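Protein chains in written order, with our numbering: chain A, 18 to 243; chain B, 32 to 429.
Rather than coming from a laboratory, the hints here were simulated on the basis of the structure. Note that the structure is predicted; figures quoted are calculated from it, not measured. Careful, some of the hints might be misleading.
Said to hold, decoys possible - With a Cα cut of at most 30 Å, we get these calculated DSS-like pairs of lysine-lysine: (1) A/K116 x B/K253; (2) B/K264 x B/K253; (3) B/K417 x A/K116; (4) A/K44 x A/K184; (5) A/K126 x B/K46; (6) A/K126 x B/K417; (7) B/K46 x A/K116; (8) A/K212 x A/K126; (9) B/K46 x A/K163; (10) B/K280 x B/K254; (11) B/K233 x A/K163; (12) B/K41 x A/K137; (13) B/K46 x A/K95; (14) A/K163 x B/K417; (15) B/K233 x B/K201; (16) B/K417 x A/K184.
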Amino acid sequence: MSQVLIQTHGLSKVYDRGSEQIVAVDKVDFELRAGDFVSFVGPSGSGKTTLLHLLGCLDTPSSGDLNVAGTPIFQNGKSLSERQLTGIRRDLFGYVFQKFYLIPTLTVKENILLPFAFHKRAENALDVLELAQRLGLSHRLTHLPKELSGGEMQRVAIARAMINQPKIILADEPTGNLDSKRSTEIADILADLNKSAGLTIILVTHNPQLAAKAGRIIELRDGRIV
Amino acid sequence: MPTITGIAYKNLRRKRVRSILTVFGIALSTWVLVSLFGFNEGYQSSLNKDIDNLGFQVLLTAKGCPYEAATLMLQGGKGLRYMPENTLDSLRANPEVEELTPMLMQTVFDVNKGEDGGVVGYLGIDPVTYPKMKTYLTFRQGGWFQDANALEAVLGYEAGELEQREVGDKILIPEKNVEVMVVGILNRSGTQDDGTIFMPFKTMQNIFGVQDQLTSIGIKLKKDTDIAAYEEKLYELEDVQVVSMAQVKNTISSLVSTARVMVMSIAIIAILIAMVGVMNTILMSVLERYQEIGIMKSLGAATAHIFRLIWLETAILCFIGGIIGSGLSIALSKATDALIRYVLPYSPTGSLIRIDAPLVLRSIGIIVLIGLVSGIYPAWRAARIKPIEAIRSSEGEL
Numbered sequence: 018m019s020q021v022l023i024q025t026h027g028l029s030k031v032y033d034r035g036s037e038q039i040v041a042v043d044k045v046d047f048e049l050r051a052g053d054f055v056s057f058v059g060p061s062g063s064g065k066t067t068l069l070h071l072l073g074c075l076d077t078p079s080s081g082d083l084n085v086a087g088t089p090i091f092q093n094g095k096s097l098s099e100r101q102l103t104g105i106r107r108d109l110f111g112y113v114f115q116k117f118y119l120i121p122t123l124t125v126k127e128n129i130l131l132p133f134a135f136h137k138r139a140e141n142a143l144d145v146l147e148l149a150q151r152l153g154l155s156h157r158l159t160h161l162p163k164e165l166s167g168g169e170m171q172r173v174a175i176a177r178a179m180i181n182q183p184k185i186i187l188a189d190e191p192t193g194n195l196d197s198k199r200s201t202e203i204a205d206i207l208a209d210l211n212k213s214a215g216l217t218i219i220l221v222t223h224n225p226q227l228a229a230k231a232g233r234i235i236e237l238r239d240g241r242i243v
Numbered sequence: 032m033p034t035i036t037g038i039a040y041k042n043l044r045r046k047r048v049r050s051i052l053t054v055f056g057i058a059l060s061t062w063v064l065v066s067l068f069g070f071n072e073g074y075q076s077s078l079n080k081d082i083d084n085l086g087f088q089v090l091l092t093a094k095g096c097p098y099e100a101a102t103l104m105l106q107g108g109k110g111l112r113y114m115p116e117n118t119l120d121s122l123r124a125n126p127e128v129e130e131l132t133p134m135l136m137q138t139v140f141d142v143n144k145g146e147d148g149g150v151v152g153y154l155g156i157d158p159v160t161y162p163k164m165k166t167y168l169t170f171r172q173g174g175w176f177q178d179a180n181a182l183e184a185v186l187g188y189e190a191g192e193l194e195q196r197e198v199g200d201k202i203l204i205p206e207k208n209v210e211v212m213v214v215g216i217l218n219r220s221g222t223q224d225d226g227t228i229f230m231p232f233k234t235m236q237n238i239f240g241v242q243d244q245l246t247s248i249g250i251k252l253k254k255d256t257d258i259a260a261y262e263e264k265l266y267e268l269e270d271v272q273v274v275s276m277a278q279v280k281n282t283i284s285s286l287v288s289t290a291r292v293m294v295m296s297i298a299i300i301a302i303l304i305a306m307v308g309v310m311n312t313i314l315m316s317v318l319e320r321y322q323e324i325g326i327m328k329s330l331g332a333a334t335a336h337i338f339r340l341i342w343l344e345t346a347i348l349c350f351i352g353g354i355i356g357s358g359l360s361i362a363l364s365k366a367t368d369a370l371i372r373y374v375l376p377y378s379p380t381g382s383l384i385r386i387d388a389p390l391v392l393r394s395i396g397i398i399v400l401i402g403l404v405s406g407i408y409p410a411w412r413a414a415r416i417k418p419i420e421a422i423r424s425s426e427g428e429l
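Only chain B is shown next, with the shape it has when bound in the complex (with noise of 0.2 Å):
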């Protein structure tokens, strides 16, 4: 028995190139909608990791520029500025304070880092506060230095894997021809500490000769803490920079906005373009069947049946390209990732986009709503065509 769906189903066969392209048409706005969902999700979240993950609520740092630092904090950064070592008794003296940890970063010129050579991180630590605060790093070989003076680094996963090197190696620090043996390395963490390389920070004052000097202090304070008012009472410091972790997140949320709206515009067009094409396809096939229409009138189907018809092809069509757009963004989410990454300004270094069931299940519905609404006008020309008119049309006579 034939059913007005079997109908449906077996006329967007019968123009298959036809059928194929505007599914791919909506395929794409599929991939584009569900990428941007997936982006919005996994940006925030990611970013949000990144900084929690940081196990510190405020960051000090030399007096500079706020965006410096927090690109300093988060990417690794030159143009270094420093705060005396002894800031650190200082802040000890707060009650608001539960932890302290100072870090010293250093970077140098490596020419045998990839091709033309490459900029290398160090990170000075204290390998007694540091990993109190960083409790999900895990060792993958060895542990943490013990002596606060020991010529001995610890890698993180993806330095350990570019520098190719065991626990119980030795790496030379360029320019400085300094040779640090490797007592740890890292699991994966998903953060930017697993492209770093860790030394203790009186060592790393030793070697790049900047004794009693720090480029910043990570603070983790005691809970119920007032943290604005806290930072209010770091400003009393002097060539200080204070910044909050909450401060960060909304800096870079709103430099990130700007491609945010651009990606969105993109993806409505991109939606419109489907629309049109979703449209296009559905009215030429009900003009083409114009005669076929009349005839199934001529057989009692009523106004409704006909509308369903029409809007079941559109449904159809957009449920497919839905289902394979969806599919194209999941396996290309690793692309899509790389591609924002380098449109946007700074991204953190988890997943970027997140795509999930829910996600994909409502990016789905999206599209096949768009496609009724695009499918409307088709369908009510093809309701409205009379049997007569259709047989008329094709006897051409009285």
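Okay, chain A solo, but in the shape it has when bound (with noise of 0.2 Å):
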């Protein structure tokens, strides 16, 4: 059996909006190993963003445990400090948003290599030149943002999310802003790295296709796994 990476017991958010209550996620027990490549799927607020920011340590729970890679991050109401917690996302996790995120006045090359301005670059991090080939990025390392289309901006994000080798890849509906032809095209790179790269990937996604290409599929309705 491969490492567990993630681990929740009971985990939950509840947000106050005034005198109501919105339980986003709802005591959820889930594992990830190492290798693993899943999809939240489920219908628009079933709570899956939310669980995906929750595992990737990017929002504090409202009750529950939270383990990742053997840390306790989130465990009987105590969290990890702001501090521990942005070494956690840095060493861990590489994030792919739907909007991509990209810093507008850095270059493909400088976007990809960001990480490394605020912290040393790891031993084992990716060479740039290698990550742009295999991720049809090479022609384009010298340009800004603007000039590229949205599946190059979307292909820039998950180099920036690669690059520091991350044990986890949490990409939030990475598709939503392509279209199909670029929606197929981020799928297989995401399919292809977890199968020849073994990375770990944990997906949300609407798109049916593209839910399809992970090992395990977990509907959420409620903010409950179903």
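Put the two chains together into one complex; each comes in its own frame, and the hints tell you how they fit.
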């Protein structure tokens, strides 16, 4: 059996909206192992994005436990400090979002290398040229994001998420802003990264074609795994 | 490899007009600051130079207002009062006196001066003692008059330029219709002497009909003389006014201090406005980049990194503004000088604004420091952004 990377127990997130309480994630028990490729699917408002944010240590749960790579992140209502969370996010996760979030003033190469502006380049970090070649971005390295197509921008975001060799890639609707051709392209890249590089991936998507690329499809409804 | 400094710099170029306007505001504040510091240094040293260049420590004038006497001595003026020439003899008896120099000032209205005519000042001096006290005066052409009764004149540098006369030419004294020969033209000294027309005082007494009269006597004292005690002694003489150079410095300095406070207040207001401008620019830039900053934090940027990024942007703006403002203040120092001269009650002849490298560095340092203080709030706001808030604000989904 491969190593357990993420483990949750009774993980919940509740939002207070005045007198109303909205349960976005409801007592989720979940386990993710190294090399897994998991898709969260479900209708809008089912809590899949919130769950992804909790698993990626971007958001804090209202209750429940979360363990990442053996480190208790949230336990008995206690959380790691913001500083420790920054370290966990930096070393363990790579994030890919629907809106790419590239820095418009930096070139493709600088965007991919952005994490190293804030911390030392890890020894096992990937070579930017090799990574760019693998994602078909070699000819775009000196371009600014505004000169790229949507598919290219998302590939840059994937490269940025991967440069530091994270243990887990979290992708939130990575094809949400792309046409079907580019969506297939991104889906194939993620599937290939999982298969050939053994990268662990959690994906949130509405796109059944993309979800089908995952080894495990988990459906959420009203914040619960069904 | 991107660096925090590089990211900061590129971001400032993103909204060029806004950055340029902010830099402009900072440059104006720096200009005010550098000019103000330059004025503080320049004014005092020019005043000291003016007074030290008089060559004597005490000036004796006919009784009158001491302020008027000070102005008269430094700038020339009307409403002249006289003292008898034999005052010289009683002063010579004082053991403290090393040298005396008699002076007779006269002014006439010259209809040919400027467009509407103007006042021309003549200073009658003793060709033996005066040059000894004014050792810094050197000649461009010719030399001092040799005879105490000669119908000759020596022109200060600017007076020579204005009259357009060479040695050997003659100048006419308006109203008196007397011609005197130019025997010397002085080099520029940067003092009041540049605009003066000198003649032997005996000659002037004859021309202006003020025989045996003087307007002032410069007294150079022997070394180690107690100047204050000597001044007290001078008051025993009748109908004279004693002007001590130390007093003159204090009087003028206090006259100017009010103007200085006013200028300082304007400078502080200018700096405050620039501070608010910087804070506004950086805060807007932070709010516009809310998501970007959130993403940087999700990529491993710590609170300190974001704080540094925003602070650097502030520092870059202030540094560039500081350099431009300093350049501006150096380039415009002559204009600023003229402006201050216009506003102040009395200005010495030397440069009022003295700008040197340490002053410029100090001013840029102050501007950058002020900028960093203004940048604290925006940087703090940026550093507090949580990645999830930034992402949620754009995705609008639970």
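Results of checking the hints against the structure:
Distance hint between A/K116 and B/K253 is unfulfilled; the C-alpha atoms sit about 88 Å from each other, more than 30 Å. Restraint check for B/K264 and B/K253: the C-alpha separation of about 15 Å stays at or below 30 Å, so the hint holds. The hinted pair formed by B/K417 and A/K116 meets the criterion: a straight-line CA distance of about 17 Å does not exceed 30 Å. With a C-alpha separation of about 25 Å, the suggested pair A/K44 and A/K184 falls inside the 30 Å cut-off, and the hint holds.
Between the alpha carbons of A/K126 and B/K46 the distance comes to roughly 22 Å, so the proposed pair stays at or under 30 Å and holds. Taking the CA atoms of A/K126 and B/K417, the gap is near 26 Å; set against the 30 Å cutoff, the hint holds. Between B/K46 and A/K116 the alpha-carbon distance is near 22 Å, which keeps this suggested pair within the 30 Å criterion. Proximity of A/K212 to A/K126 is assessed by CA-CA distance (about 25 Å); at most 30 Å being required, the pair is judged to hold.
At roughly 16 Å between alpha-carbon atoms, B/K46 and A/K163 fall within 30 Å of each other, so this suggested pair holds. With a C-alpha separation of about 20 Å, the suggested pairing of B/K280 with B/K254 holds against the 30 Å cut-off. For the hint pairing B/K233 with A/K163, the CA-to-CA distance comes to about 88 Å; that exceeds 30 Å, so the pair is violated. For the proposed pair B/K41 and A/K137, the alpha carbon gap of about 21 Å is at most 30 Å, so the pair holds.
About 42 Å separates the Cα atoms of B/K46 and A/K95, which puts this hinted pair outside 30 Å; it is violated. At roughly 26 Å between alpha-carbon atoms, A/K163 and B/K417 fall within 30 Å of each other, so this suggested pair holds. A threshold of 30 Å between alpha carbons decides the hint, and for B/K233 with B/K201 the separation of about 19 Å falls inside it, so the pair holds. Pair hint B/K417 plus A/K184 holds up; C-alpha atoms about 22 Å apart against a cutoff of 30 Å.
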